[in-house]
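Each chain, written out:
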Amino acid sequence: MAEEEKKGLNRRDFVKGLIVGGAGGAIGAMGIYSYSPWRERHFAKVTPKNIDIGECRSVKVTNISETSWFENKVLMGDIKGAGGLLVNQYTYNWPPFAEPKGQLGKGTYEKGIREIKKWLPHDLERAWQFQIENAVHPENAGGFSCLIEVELLDGTRKKILQDAGWSYNWMDQSYKREGIDRMLERKEIDLFMVTHEHFDHFWGLPVVYKYNPEIITYIPEGFYQEGMQYIRDSGHRGKLVVTKPGLTPLFSGCALYNFAIPIICRVYGEQSWYFNVKDAGMVSVTGCCHQGIIQFAATAKDTIKYKKNYGIYGGLHISPFEDWDPKYDDLVLSMRKYEFEKVGCNHCTGITCAKKFIDAGYPIVQGRARFRTKDKAYLGNGDTIEFRAV
Amino acid sequence: MSTEYKIGIFVGIVFGILFYFAVVWALPVMAKWNWMLTKIT
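These protein sequence lines map, in sequence, to chains A and B.
Sequence positions in the first sequence follow my numbering and run 1 to 390.
Sequence positions in the second sequence follow my numbering and run 391 to 431.
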């Protein structure tokens, strides 16, 4: 050391500098690499399939009911009391599967359906009266359902009923309010599609079959034994189509997509719609969007041939219980990337989220807050939205 | 700040960058070796 110092060299200082420089260099390289195009070599290569589903002229959605339940606090209290979000939904003793004097979390499908099967699907008033007397919080049940009207390029129209809601009473009132009961009776509705097996989209099933038990019904693969049995017990006598994961084109400009995903309350699989509207772009319609809005939009891009995104409708599943987490802000920001020109949201999107969309300047179509919808920030019960080239 | 310290930082940055990219290059290669080992054993 003394020799080095004599020569004017200081090894200790050099090593200190080496350590500091080495750490700085490595961290700096990480930063540069993370923001460089080189990082993409680690991503899986996705080649767009560009499947041609054709085109349609327009899509109109009538929101029959988006109020799946009326009080978040009651719903969450029941779910927590029954054991949490992963518990089998048929055990809640919620309507319509209540056993006599049903207790929260102690029920089964078999015990519940035994009480009401004799009344399905034609005497739903008595079936629901039994629920009022025995179920856990029957007054909180509402339901999600909408009517989709598609105009094809040759001018013909297709009518699709999406989802059946939950409460027999509420859904019957809602169908009568929008004239769905008569459309079903006259067989004007071409097909009935259930997005997923959740109570608020599926358990109102007998109300649909009361008016047309022969309607062709589409469900995604993944329904549990109870769900499959409920379709039979509800009086369905028509064709049942179980869609496989992936794309199922139905008619010109219209395709179903089954997302094979696990969902809370022991449900598996959800399907949504893609409509390719001529001169406008892709319109995506969903029930609850458990696949997530990013996967929903990205799947269209990776799978279907179309020019641009145009619109989206449905529950977007961001803050369904009106709880806000800072990570949801990332979802709000990420929506911009997909450049939707018309957004109709409601249900599990959450009012808080809809207000954030409006604040962020997205083209949200607002509603009129009628028929128990709580806010005008999104499309409420009885509101409509139309997607067509202007 | 001595001249040796400054030289140390400069050399350290160069080696730090080289070290990082060596790791980035080596990890997928190592993963491939690991895959080959699982095939052999």
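For the record, the hints were derived by calculation from the structure and aren't laboratory data.
In this text, all values refer to a predicted model and were calculated from it rather than measured experimentally.
All C-beta atoms, glycine included, are put in the ideal place defined by N, C-alpha and C.
Accuracy of the hints is not assured; some may be wrong.
[Claimed, not checked] Incomplete in silico selection of chain A near chain B, CB under 10 Å:
#, residue
1, Val15
2, Gly22
3, Gly25
4, Ile27
5, Met30
6, Pro37
7, Glu40
8, His42
9, Ala44
10, Lys45
11, Lys73
12, Gly77
[As the list claims (entries may be wrong)] Taking lysine-lysine and the DSSO-like style, the derived pairs with C-alpha atoms no more than 30 Å apart in a straight line are:
#, chain 1, residue 1, chain 2, residue 2
13, A, Lys49, A, Lys176
14, A, Lys45, B, Lys422
15, A, Lys16, B, Lys429
16, A, Lys355, A, Lys111
17, A, Lys45, B, Lys396
18, B, Lys396, A, Lys49
19, A, Lys49, A, Lys355
Results for each hint:
| no. | hint | in the structure |
| --- | --- | --- |
| 1 | Val15 | 6 Å, holds |
| 2 | Gly22 | 4 Å, holds |
| 3 | Gly25 | 2 Å, holds |
| 4 | Ile27 | 8 Å, holds |
| 5 | Met30 | 6 Å, holds |
| 6 | Pro37 | 14 Å, violated |
| 7 | Glu40 | 13 Å, violated |
| 8 | His42 | 8 Å, holds |
| 9 | Ala44 | 13 Å, violated |
| 10 | Lys45 | 14 Å, violated |
| 11 | Lys73 | 49 Å, violated |
| 12 | Gly77 | 48 Å, violated |
| 13 | A:Lys49 <-> A:Lys176 | 42 Å, violated |
| 14 | A:Lys45 <-> B:Lys422 | 18 Å, holds |
| 15 | A:Lys16 <-> B:Lys429 | 45 Å, violated |
| 16 | A:Lys355 <-> A:Lys111 | 42 Å, violated |
| 17 | A:Lys45 <-> B:Lys396 | 44 Å, violated |
| 18 | B:Lys396 <-> A:Lys49 | 55 Å, violated |
| 19 | A:Lys49 <-> A:Lys355 | 36 Å, violated |
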